[in-house]
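Novice: Can you make the complete structure from the sequences, with help from the hints?
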Amino acid sequence: MNFARKVQILLWKEVKSELRAKEMISAMLVFSLLVVAVFGFALPSDRELVKQVFPGILWVTLTFAGILGLNRSFVSEKQNDCIYGLMLCPMDRAAIYCAKTIMNLLLMLIVELITIPLFFVMFNLTAPPNLSLFLLVLAVGTFGFMSVGTFLSALAANTRSSEVLLPILMIPMIVPILISAVQADKIILAGGGFLELKIFFNLLIVFAVVFTVVPLLLFDYLLEV
Amino acid sequence: MIAAEGLTKQIGSKKILKGIDLEIASGEFVTCFGPNGAGKSTTLKILALLSKPSSGKLFIDGKDVNEHGQDLRSKVGVISHNTFLYANLTAKENLQFYGKMYEVPKLESRIDEILEQVGLAYAAADITGTFSRGMQQRLAIARSLVHNPPILLMDEPYTGLDEMAKGILSSVLESLSDNKHTVFLITHDFDQGLEQSDQTVILVEGRIVHRCNPRDITREEFRQLYLKCVEEAQ
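If you're matching them up, the sequences are chains A and B in order.
Counted from 1, the first sequence has number 48 at position 48 by the working numbering; the numbering is strictly sequential.
For any residue, its number in the working numbering is found by taking its place in the second sequence, counting from 1, and adding 225.
Watch out, some of these pointers could steer you wrong.
What the hints assert, rightly or not - As a list, the in silico DSSO-like pairs of lysine-lysine whose alpha-carbon atoms are at most 30 Å apart:
id, chain 1, residue 1, chain 2, residue 2
1, B, 270, B, 453
2, B, 325, A, 78
3, A, 16, B, 270
4, B, 300, B, 243
5, B, 405, B, 288
6, B, 453, A, 78
7, B, 453, B, 240
8, B, 325, B, 277
9, B, 240, A, 78
10, B, 300, B, 277
11, B, 405, B, 453
12, B, 288, B, 240
13, B, 243, B, 270
14, A, 51, A, 198
15, B, 391, B, 239
16, B, 243, B, 282
17, A, 16, B, 300
18, B, 300, B, 325
19, B, 243, B, 277
20, B, 270, A, 78
21, A, 198, A, 16
22, B, 300, B, 288
23, B, 243, A, 78
24, B, 331, A, 16
25, B, 405, B, 391
26, B, 270, B, 288
27, A, 78, B, 405
28, A, 78, B, 277
29, B, 239, A, 78
30, B, 288, A, 22
31, B, 270, B, 282
32, B, 405, B, 270
33, B, 288, B, 331
34, A, 78, A, 16
35, B, 277, B, 240
36, B, 325, A, 16
37, B, 270, B, 391
38, B, 300, B, 405
39, B, 270, B, 240
I should point out that these hints are in silico values taken from the structure, not numbers from a laboratory.
Since this is a predicted model, take the numbers as computed values, not measurements.
Specialist: The following block contains the structure:
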């Protein structure tokens, strides 16, 4: 059976489990909605100032909401030593990483679909002039930090203080992604086009690729450790 | 069926296995005894391809596991004191998941059959997290057998089981003593361990210090022998 089919079966298990428990999505959504509310009331109504700080607030919110979800990502595998059950299965173990990453991305997509429109409403901002470019940066940035985040959550899950360790490991690693995404969004909100943000977009792509390929190669080794 | 040559396992500076040589013929039932910390579970993890040895060779069906590990995993079933079951899935969903991963043909009828065998057909649609320890362990037995593996590795499977679950596990083990299944059992319980085994090994301090056929020895003699081996090695 091919790799894609195994990923599909693993993803079926992830979705079924999350639909029943709602462990990850509830934490991620509640956190991001609280942040929207807090910043919505805390920031002054100066539109230009809000435009300047909005990309930073957006990405910090998404990062921490993502970390909350990622912290729970491998918890179900730790209970009853289910990770050994997966490791026993006849497949390339990178399929586990792929399924987990896809699941985390799906959850992040739900959070973004709900949170980002609310951000625009609360901050009284109009939709960016180049909406498709904004969505593209959002997609690549999210993919990049969730890819490496999934790998690091598997690493942290084996430690006693995993919930503390994950952000400590993850945030320094995703700094290039965060800076590129924030700068790119700033340019988009100011009405800039692809040429102005090309360097940041290229950086996002490079890190997204590196943060996907390296975990894929190292995941089997990580499970053995 | 299983041949281990000089298996060692070192974690940091601690040597857990110090050269395990073990040969288990096809259809043989081998029981491993040993005190806590002897390296029994580490040995089982290596035999189950869950962990790589620091040195030494392991062959299953004559194939080197370093080269054919991924394919050989489908030949192995593991029952541990941990169940490897997802608490948020139902009994049937757990078996569906593992059955699909092992590409079990006619999966639905196989699931019905195996749930019947472990006495859990009535709870097929119940969430596993709501099961008692005994029910979870029975489902774990079903999980490990769903793909009908020719090799079954068991790490203290009787731990925490009620009498009913022990009875079901014993009858499942009995059904596996058919010379078609190769079984490696780790236990502290002499009665259960010696009952069906063709060969017993005593593992102390990462080394196999004794092996014998339990039919050549009484239970009391084996108990004395075990205590002597442990005392001498320590």
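Novice: Would you mind marking each hint as holding or not holding in the structure?
Specialist: Now for the hints, and whether the structure bears them out:
1. B:270 - B:453: holds, 27 Å
2. B:325 - A:78: Distance of about 21 Å is within 30 Å: holds.
3. A:16 - B:270: With a Cα-Cα distance of about 29 Å, the restraint between residue 16 (chain A) and residue 270 (chain B) holds, given a limit of 30 Å.
4. B:300 - B:243: The hint holds at about 26 Å.
5. B:405 - B:288: holds, 19 Å
6. B:453 - A:78: violated, 38 Å
7. B:453 - B:240: Judged against 30 Å, a Cα distance of about 23 Å means the pair holds.
8. B:325 - B:277: It holds: about 26 Å lies between the C-alpha atoms, which stays within 30 Å.
9. B:240 - A:78: OK: residue 240 (chain B) and residue 78 (chain A) at ~26 Å, within 30 Å.
10. B:300 - B:277: Distance ~17 Å between residue 300 (chain B) and residue 277 (chain B) Cα, so the pair holds.
11. B:405 - B:453: violated, 34 Å
12. B:288 - B:240: holds, 26 Å
13. B:243 - B:270: holds, 15 Å
14. A:51 - A:198: Roughly 20 Å separates the two Cα atoms, so the pair holds.
15. B:391 - B:239: Not OK: residue 391 (chain B) and residue 239 (chain B) at ~35 Å, beyond 30 Å, violated.
16. B:243 - B:282: Holds, at roughly 13 Å.
17. A:16 - B:300: Holds, at roughly 28 Å.
18. B:300 - B:325: Distance of about 15 Å is within 30 Å: holds.
19. B:243 - B:277: holds, 14 Å
20. B:270 - A:78: Since the Cα atoms of residue 270 (chain B) and residue 78 (chain A) sit roughly 16 Å apart, the hinted pair holds (cutoff 30 Å).
21. A:198 - A:16: Not OK: residue 198 (chain A) and residue 16 (chain A) at ~39 Å, beyond 30 Å, violated.
22. B:300 - B:288: holds, 12 Å
23. B:243 - A:78: Roughly 29 Å separates the two Cα atoms, so the pair holds.
24. B:331 - A:16: Status holds; Cα separation ~22 Å.
25. B:405 - B:391: holds, 22 Å
26. B:270 - B:288: It holds: about 18 Å lies between the C-alpha atoms, which stays within 30 Å.
27. A:78 - B:405: violated, 33 Å
28. A:78 - B:277: At roughly 20 Å apart (the allowed maximum being 30 Å), residue 277 (chain B) and residue 78 (chain A) satisfy the hint.
29. B:239 - A:78: holds, 25 Å
30. B:288 - A:22: Not satisfied, since the Cα-Cα distance of roughly 44 Å exceeds 30 Å.
31. B:270 - B:282: Holds, at about 14 Å.
32. B:405 - B:270: holds, 22 Å
33. B:288 - B:331: Distance of about 28 Å is within 30 Å: holds.
34. A:78 - A:16: holds, 17 Å
35. B:277 - B:240: holds, 14 Å
36. B:325 - A:16: holds, 15 Å
37. B:270 - B:391: holds, 23 Å
38. B:300 - B:405: Satisfied, since the Cα-Cα distance of roughly 12 Å is no more than 30 Å.
39. B:270 - B:240: The hint holds at about 15 Å.
In this structure, the earlier hints numbered 6, 11, 15, 21, 27 and 30 are contradicted, and the remaining ones agree with it.
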